[in-house]
Amino acid sequence: MARESANAPFLRNAWYIACWDQDLEKGPFARTIMNEPIAFFRDAQGKVGAVEDRCCHRGAALTDGRIVENGLQCGYHGLVFDVSGKCVEIPGQDAIPPMAKIKYYPVVEKQEAIWIWMGDPALADESKIIDWPFHKGGATPLPHKKGMLPFKANYLMLVDNLMDLTHLGYVHSRTIGGNPLQHVNAEMNVERTGNGVKFARWMMESNPPPTYVKAAGFTGKVDRWLEFEYRAPCLVLQYTGAIDAGKGAKQNQNQPGFHSRILHCATPETDTTAFYIFAAANGYRTDDPQATEDFYNELIPTFIEDVTMMSHQQSRIDLDPERPLINIKSDAALVHARRAFSAAYEAEQKLRPQAAE
Amino acid sequence: MARESANAPFLRNAWYIACWDQDLEKGPFARTIMNEPIAFFRDAQGKVGAVEDRCCHRGAALTDGRIVENGLQCGYHGLVFDVSGKCVEIPGQDAIPPMAKIKYYPVVEKQEAIWIWMGDPALADESKIIDWPFHKGGATPLPHKKGMLPFKANYLMLVDNLMDLTHLGYVHSRTIGGNPLQHVNAEMNVERTGNGVKFARWMMESNPPPTYVKAAGFTGKVDRWLEFEYRAPCLVLQYTGAIDAGKGAKQNQNQPGFHSRILHCATPETDTTAFYIFAAANGYRTDDPQATEDFYNELIPTFIEDVTMMSHQQSRIDLDPERPLINIKSDAALVHARRAFSAAYEAEQKLRPQAAE
Amino acid sequence: MARESANAPFLRNAWYIACWDQDLEKGPFARTIMNEPIAFFRDAQGKVGAVEDRCCHRGAALTDGRIVENGLQCGYHGLVFDVSGKCVEIPGQDAIPPMAKIKYYPVVEKQEAIWIWMGDPALADESKIIDWPFHKGGATPLPHKKGMLPFKANYLMLVDNLMDLTHLGYVHSRTIGGNPLQHVNAEMNVERTGNGVKFARWMMESNPPPTYVKAAGFTGKVDRWLEFEYRAPCLVLQYTGAIDAGKGAKQNQNQPGFHSRILHCATPETDTTAFYIFAAANGYRTDDPQATEDFYNELIPTFIEDVTMMSHQQSRIDLDPERPLINIKSDAALVHARRAFSAAYEAEQKLRPQAAE
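Protein chains in written order, with this note's numbering: chain A, 478 to 834; chain B, 478 to 834; chain C, 478 to 834.
Hint data in this document are derived by calculation from the structure and do not stem from the laboratory.
Hints may be right or wrong, so weigh each one.
Identical copies carry no separate label here, and so any pair may be met within one copy or between two of them.
[Unchecked claim] When the alpha-carbon atoms are kept at most 27 Å apart in a straight line, the in silico DSS-like pairs for lysine-lysine are as follows: (1) Lys578 to Lys806; (2) Lys806 to Lys580; (3) Lys563 to Lys806; (4) Lys623 to Lys563; (5) Lys587 to Lys605; (6) Lys727 to Lys524; (7) Lys622 to Lys587; (8) Lys587 to Lys503; (9) Lys806 to Lys675; (10) Lys623 to Lys605.
The task is simple: from the sequences and hints, build the whole structure.
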């Protein structure tokens, strides 16, 4: 079996979630993506911009500045840049030289997420951004909460993590894990897709976990499912739920019960650090804000267990990044996900022979 | 226009302020200058010494030691060195081998500052040290207070900062800044000097700022001035003041009113870190120690705003130190200052072809 | 005189104390030795293992896992390894591929210490481990306490420290130091041994230090001794004591009085960081646990003074590791110790021409 290096390279021609809309509420927002420090901002007209976080005048960080009428103003000497990176004001002089500009990045605000394209702007096709209908602007909005955790590992380590759920019984034994062998032995339905992989696991006629009972008020057995889909390079879409047993869950999941929708995004900061950007929506007790809070507050400790595990893992990988790893049987989805990533990366390399950058 | 790299090299044949006299009160004092860890100390006879902070015996840091009768004693095994770096005592043996010595640096204590010469000792001409008459030992002493802030940027970034006062309206908008355009549009009188540049700005018949009123008790309009002088490589001399309008300020500034004298020194620690060493004297309410405290306490927050801005700026410069910056109109004094520095640096390189160290 | 680099290389074919038995009480224990992260653990059958702290599956740190019936279980996906590094369980699959194994290190638990062999396992001769009879399992157990301090210096710096006791008067002047010249001028009896050096110092008919009086109840003069022995590469054995004067101490030290036995081990973590692993036994008031506590609590501040001094020393050495140091008269034992180390290192290099690793 062909092996992939544990440290995946950056795939540039793709949409990544850079941050959430809420991150732009207090002015310019700094985040480094693929080693490039970027200033994100919402201008006075409401348009979102992403430009390099370095003024062309003296190199100051533009995120030390503020939003003014015409754009983002440098906090050092007052130059102003618009969302296209063009300098539109230089205090004390009328003429603006043409070289007074900075790099900009295509960004799209969609369904509460700020999506960024780190590759060739000519290829940035907004229609390729996924639909996450559970957020504002989507077809079937649900109550939800959004967050981010930085982690010290290559971004694809997070995809690995989500593609092998046998880790639940070990990493999360003190939180949501339950019995390790239950996860290991569950039947998995793994299916390759055009740009990724999806898997589903069903537990028919099973006892609902206490949190499900508390959340959705089950009184008897349930039919449960976990559905995960990886879309290369950075997204994992999760649908977890349960309804009363015997109501034809496999034919129609959309019945009252426990329903959760989680969007996971792994956005690379550097070669070995990344952002775990996530949103969690609940499809039960949708009129009760506390249900959303409770669901989010249960997720955070488990996500912290994951990023802690991944940071230690990366520190070991760093000792010899090319040293082979050994696949085991439960890695099936992980292996497919890595292959989908590699195929996308190889396609990008062919497209842009100069992409060795 | 010729461009200079944002990261200036070390100019060695010059006097830098290493520290203040007060820093030597509690025994040996450690400071790294131009990547060289140095032990500063005042010996039992009151003479100031500067020697490499590394014992020739086992490499211990001499600043872990203490002052004894004959010099600075290593805190590990007791060797003693005098201000010339000569070992004068080795516990347990009578003969001191000639190689038992460490590097020394020419230092001069003058007007409360410890000045150091990092270049060829044969060229260390004490008469080249500036006169700052407002300190102890000077002709016209004023009440004053001295301090230091470390910053994470190349030392010349501080000179850049002080040479372009348009930053006041942006960096210091929450403290002393005032209206940005007032600073940007003020008429500047820029004059090149033998080894630097000076500029003056006058605001005639203007309303005094609240702090001036509080400090000097103005009741009407004032004639105000800001005078800055850069002396390559590391010094900026500032004279800021105001007297009642209509009293011929331009002919004679030396009349009762608001007078402040600030000495700024940028001393390089490493290529991209430095010490902002400063002293602030007040020429008003000179019998009131609180006036000096208040003046100093108003400066510190603005200096912290500067060093924060410069640290972020340097982090962006570090991404590609040779990437060009773009000069704007208000950079006139900055450009002259950088040229004066470069001329001095080039002269030093011609003098010492071996100075690639 | 031939000079040695201050930074000693790793000598691999030797037994080092990796940790104390007490470190394994709470599950797997992580320690990096010679740049290799190692997982130490006591398995369910009580056997101590040392394996590389990196799972062969996905690179996770095994010390994030736990002890299970058959060995050390990875905390990520549940693989289990035994003390020989062999994978004995893979959740979800029956066959274990032969490449599913990790590096193991020979370890021996003896007299409360976990000893590790970092070299060729075929040469790991358990009989070469020293006898420290004052611990559990030894012939003449004494009450004692064990500890560790990490330090930021090459491991041999600690041997240097212990081989030149003239540092007591300088480094420990505020604690146990006493009069510097007393230490410098004391007669030393230095003797080379097969793989190290030992020295003894006697102070006959001397006044006992206050701590000795407090510890052992002396009422008059004593005959005191300090005996130190270095055994390359990492051990220093200390015997310090005193008995009433005139009772023939030199012929028979084993009489009631003050007796302390300290085992010092310098275990390298990286080229310039190490672990100071130590145990302190008292041979007086052996029925009083407080005597052991008091003795230990007096040692710790002095050990901290040592590691602070060594860390600063290393920071200076790091500026130019090959720059020569200058030996002085009191370095006699240190020079012998370094030579013994070098001889052992050269012998190892001849034995294993591939040992450039």
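Each hint, compared with the structure:
In this assembly of identical chains, lysine 578 and lysine 806 lie within 27 Å of each other by CA distance solely across copies; the values are 16 Å between and 52 Å within a copy. In this homomeric assembly, lysine 806 and lysine 580 come within 27 Å of each other (Cα to Cα) only across copies, at 23 Å, whereas the closest approach inside a single copy is 46 Å. When the C-alpha separation of lysine 563 and lysine 806 is checked against a cutoff of 27 Å, the pair qualifies only between copies, where the shortest distance is 18 Å, while the shortest distance within a copy is 53 Å. Taking identical chains as interchangeable, the C-alpha atoms of lysine 623 and lysine 563 are never at most 27 Å apart, the minima being 32 Å within one chain and 43 Å between chains.
Taking the shortest Cα distances, lysine 587 and lysine 605 sit within 27 Å of each other inside one copy (12 Å), while across copies they are farther apart (64 Å). Taking the shortest Cα distances, lysine 727 and lysine 524 never come within 27 Å of each other, neither inside one copy (43 Å) nor across copies (50 Å). Taking CA atoms no more than 27 Å apart as the test, lysine 622 paired with lysine 587 passes inside one copy only; the shortest distance there is 16 Å, against 55 Å between copies. In the homo-oligomer, the alpha carbons of lysine 587 and lysine 503 lie at most 27 Å apart inside one protomer (19 Å), although the nearest pairing across protomers, at 49 Å, exceeds that limit.
For the identical chains of this complex, lysine 806 and lysine 675 are intra-copy neighbours only, at 17 Å inside a copy versus 58 Å across copies, given an alpha-carbon limit of 27 Å. For the identical chains of this complex, lysine 623 and lysine 605 are intra-copy neighbours only, at 22 Å inside a copy versus 60 Å across copies, given an alpha-carbon limit of 27 Å.
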